[in-house]
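Chemist: Below, each chain spelled out in residue letters.
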Amino acid sequence: MIEKPALVELGARRLFRVLYLPDGNARAGVLLAPPFFDEARAAGRFPVLLARELAARGFACARFDYASTGESGGAAADLTLTGAREDLRRVAADLLARAGTDRLALVGLRMGASLAFLEASRANAAALALLAPIRSGERYLRLELERRRLRRAMTAGSAGAGAADEVIDLDGIAVSPRLAGEIRALDLAAAEAPACPALLVDLGPRREPSRELAALAARMGDAARAEAIRIPSFWTPLEHVETEGVRARAAAFLEEAFP
Amino acid sequence: MAESLEDRVRALVVDRLFLDVDASTIEEDENLMDRFGIDSVRLFEIVVGLEEVFDVSFADDEFAPEKFATVCAIAAVVRGKKPDA
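Just so you know, the sequences run in chain order A and B.
Under the working numbering, the first residue of the first sequence is numbered 1, with each subsequent residue one higher.
Under the working numbering, the first residue of the second sequence is numbered 1001, with each subsequent residue one higher.
The hints are simulated quantities; they were obtained by calculation from the structure and are not laboratory data.
Keep in mind the model is a prediction, meaning the values are calculated, not measured.
Where is the CB? At the ideal position from N, CA and C, for every residue including glycine.
It cannot be assumed that every hint is accurate.
[Said to hold, decoys possible] With the C-beta cut set under 10 Å, the calculated list includes, among others, these residues of chain B facing chain A:
| id | residue |
| --- | --- |
| 1 | 1020 |
| 2 | 1056 |
| 3 | 1063 |
| 4 | 1065 |
| 5 | 1075 |
| 6 | 1078 |
Let the sequences and hints guide you as you build the complete structure.
Modeler: The following block contains the structure:
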């Protein structure tokens, strides 16, 4: 197995991407789409371990940072959902070219899962694994702000508040008004649903998938199913959370999709 | 007999924080932050759980740790928003 990190020029953007190539022919290419903001940092080891495990099972994998995030180029203020979706498509096309396959799966965590859902048809994905997808951007942004207020309240004694049209500061990560608007408009329930084999997973305290996730899976057709894995939210900065069960489930789904 | 709001809050705290304790051992006025080392991340999990289970939401000025410090305090917050909870 080859693990190759690089800064690559895709379109006009300089993206940090790690490529994982299996020994022998790849059974398919798997693109791992990361979360946004603090969640990408906190989930750090999960995509690394998943990519290595998938490569060991014969998949070519790529993980990457969206432009303006992580190790990729671009100013933080330039991050947009539109740009992130373009990055996802470009890295996917590049992965397939390098892996010598035309069979693509998208695996996304949190915002990465939402973007994978939205881009699956255009990227011609043959399988989707959506891990704790953000279904409502409005709710996601509201909860991110609540998280910030709680943190401030516990550390500074004041929750504070901000005007609705200001640049939102999520503990050092500036969310531009454009990005905030794009996130607020994100609504998977209203978006066109891709039709391909899909695994949608609620990760968290639930023992059964939420009604909303089950409804989303139902819209994707008979080859999509919703499940729940009870696990602490490992994309928040808790102590170490073992994610082996989630990785194993995603890998089993992909092996089933690409026998 | 119907489960009391306080019992539902206890169960929610144990469930959302993946605590390995019997919920009934949590006293109503016991400081959750002291006993379980609850930080802002864990407190946030409780807040999200309250929103989902009781269908309540919180205004900017309600994010004060003392409002979520004990089962009794949390129940009072929920009762203030949902008197029939």
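Chemist: None of the hints should be skipped; say for each whether it holds.
Modeler: Structure-based check of all given hints:
1. A hinted interface residue such as residue 1020/B counts as satisfied when its beta carbon comes closer than 10 Å to some beta carbon of chain A; here the least separation is about 12 Å, so the hint is violated.
2. Hint status for residue 1056/B relative to chain A: violated, with the closest Cβ pair at about 12 Å, above 10 Å.
3. At a threshold of 10 Å, the smallest CB-CB gap from residue 1063/B to chain A is about 4 Å, leaving the interface hint in force.
4. Residue-level restraint check for residue 1065/B holds (minimum Cβ-Cβ distance to chain A is 5 Å; threshold 10 Å).
5. This hint is violated: residue 1075/B has a C-beta 19 Å from the nearest C-beta of chain A, more than the 10 Å allowed.
6. About 16 Å separates the beta-carbon of residue 1078/B from the nearest beta-carbon of chain A, more than 10 Å, and the hint is not met.
Hints 1, 2, 5, 6 from the earlier list are contradicted by this structure; the remaining hints agree with it.
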